[in-house]
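Could you put together the complete structure from these sequences and hints?
Numbering-wise (the working numbering), the sequence shown opens with residue 7 and increments by one.
Hints are computed from structural coordinates only; laboratory data are not their basis.
These numbers were taken from a predicted model, which means no experiment stands behind them.
Worth double-checking, as some hints may not be accurate.
Unchecked claim - Below, simulated DSS-like cross-link-like pairs (lysine-lysine); rule was C-alpha separation at most 30 Å, straight line:
1) Lys233 with Lys287
2) Lys287 with Lys274
3) Lys233 with Lys349
4) Lys159 with Lys73
5) Lys76 with Lys349
6) Lys274 with Lys233
7) Lys76 with Lys159
8) Lys159 with Lys233
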Amino acid sequence: MTLQNNSRFPELNAAGSPTEIGSAIGEHFRSEIYELTEVVIDQFNKGSEHPVSWEDVAPASTAMVSKVTKFFPEYMEEMEATAAASGTTIEKLMVLNARNMLGSVRPEGCTSIMVGSSASQTGNGLVGQNWDNDPAMRPFSAVITRGPTTGSKSMSWAQPGLISYIGMNDRGLGICLNALNGPNNNQGVPWYFFVRSILDSDSIEAAINSLDAAPRSISASAAMISKEGPVNLEITPEFVHPIWSSNDQRQIHTNHCVHPELISNNDKYLDSIYGQSFDRKSRAETLVVDALDDPEITVDDVTTALSDHDGYPTSICRHPNDHPTTGWQRSVISILMEPDAGKMLIAPGNPCENEYETYLLS
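Right, dumping it as structure tokens:
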């Protein structure tokens with residue numbers, strides 16, 4: 007198949023205090039942030055059986071601003087600067103950051119692959135995923151590097167205005183995100199603030215501790231690589247359960263619970279499991295985990311697995327289909343990170359059709 011040469015995602019390096027970083031993001035992506043905050047409700051309602059309005063979410067947004075200010079004041083300082091610089095309101099920006107808490111959450115998916123340094127051909131740990139979601143988000147997306155005056159420097163692929171998303175830091179930690187079936191708590195702090203706290207961590211222990219810093223809002227999965235190896239955190243409002251890789255240092259996670267303490271959620275919340283989650287996990291394990299005749303996994307091995315079409319169109323590399331609520335979704339990007347090398351590879355769109363381009367955390 008002929009690969010298409012696509013333009014890179016816009017990039018920004020923002021450094022300094024939270025206010026300086028937030029202002030830089032808001033000024034640079036002013037039009038994108040303003041437009042996205044104006045359409046986020048419409049985007050959420052796409053495919054939803056229970057649409058919401060601004061009037062429905064406004065009181066919750068105001069409450070979340072107060073709650074985030076209490077638990078993560080530095081992140082709120084950055085977000086307030088972004089809102090001011092982009093010409094939107096902090097309440098609308100908060101709705102963007104809390105979009106997975108609005109009303110009845112539609113299923114979303116992804117397939118994540120984690121490879122430890124001892125199983126990697128480069129000698130560095132790898133973590134990657136396909137982000138199966140709304141292709142309308144692609145034009146709003148960018149690669150943003152944050153260099154705070156203290157703490158970890160990090161790079162994220164995200165829609166500007168989000169406090170954090172898929173990314174890696176300069177301490178050797180990378181995180182991919184999978185929707186997870188389980189309970190939600192609309193009184194908790196929005197999930198992306200915890201993602202940022204993980205990216206600000208220098209170890210898995212610190213990342214887990216950061217998840218206990220505030221009440222959590224949703225069930226989610228954090229597929230991670232660190233200097234300690236691959237680990238997947240299955241997270242609910244009540245629990246954080248780490249799943250460490252076995253000696254082969256290879257692990258797959260999709261959109262259902264794997265930890266023994268949470269596996270009952272696969273029956274309790276069956277309707278919120280994103281399409282073919284069990285099949286995608288099994289297929290990715292066949293390609294990566296069970297390939298023990300290949301003692302060292304290469305970057306090409308991972309990107310080939312992320313381009314796989316077994317079970318098409320709801321395969322690892324997902325394409326539009328006729329499903330009534332999620333058929334319009336597809337693999338919006340494919341991303342692979344090598345944090346110890348400060349390297350992020352992103353294919354814009356389905357990886358079977360688009361080349362990966364390199365972004366460097368320097």
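Evaluation of the provided hints:
1. Lys233 with Lys287: OK: Lys233 and Lys287 at ~24 Å, within 30 Å.
2. Lys287 with Lys274: With Cα atoms ~20 Å apart, Lys287 and Lys274 stay inside 30 Å; holds.
3. Lys233 with Lys349: Roughly 15 Å between the alpha carbons, so the hint for Lys233 and Lys349 holds.
4. Lys159 with Lys73: holds, 25 Å
5. Lys76 with Lys349: violated, 34 Å
6. Lys274 with Lys233: Violated. Lys274 to Lys233 sits at ~35 Å, over the 30 Å cutoff.
7. Lys76 with Lys159: Holds, because 24 Å separates the two Cα atoms, which is no more than 30 Å.
8. Lys159 with Lys233: It holds: about 16 Å lies between the C-alpha atoms, which stays within 30 Å.
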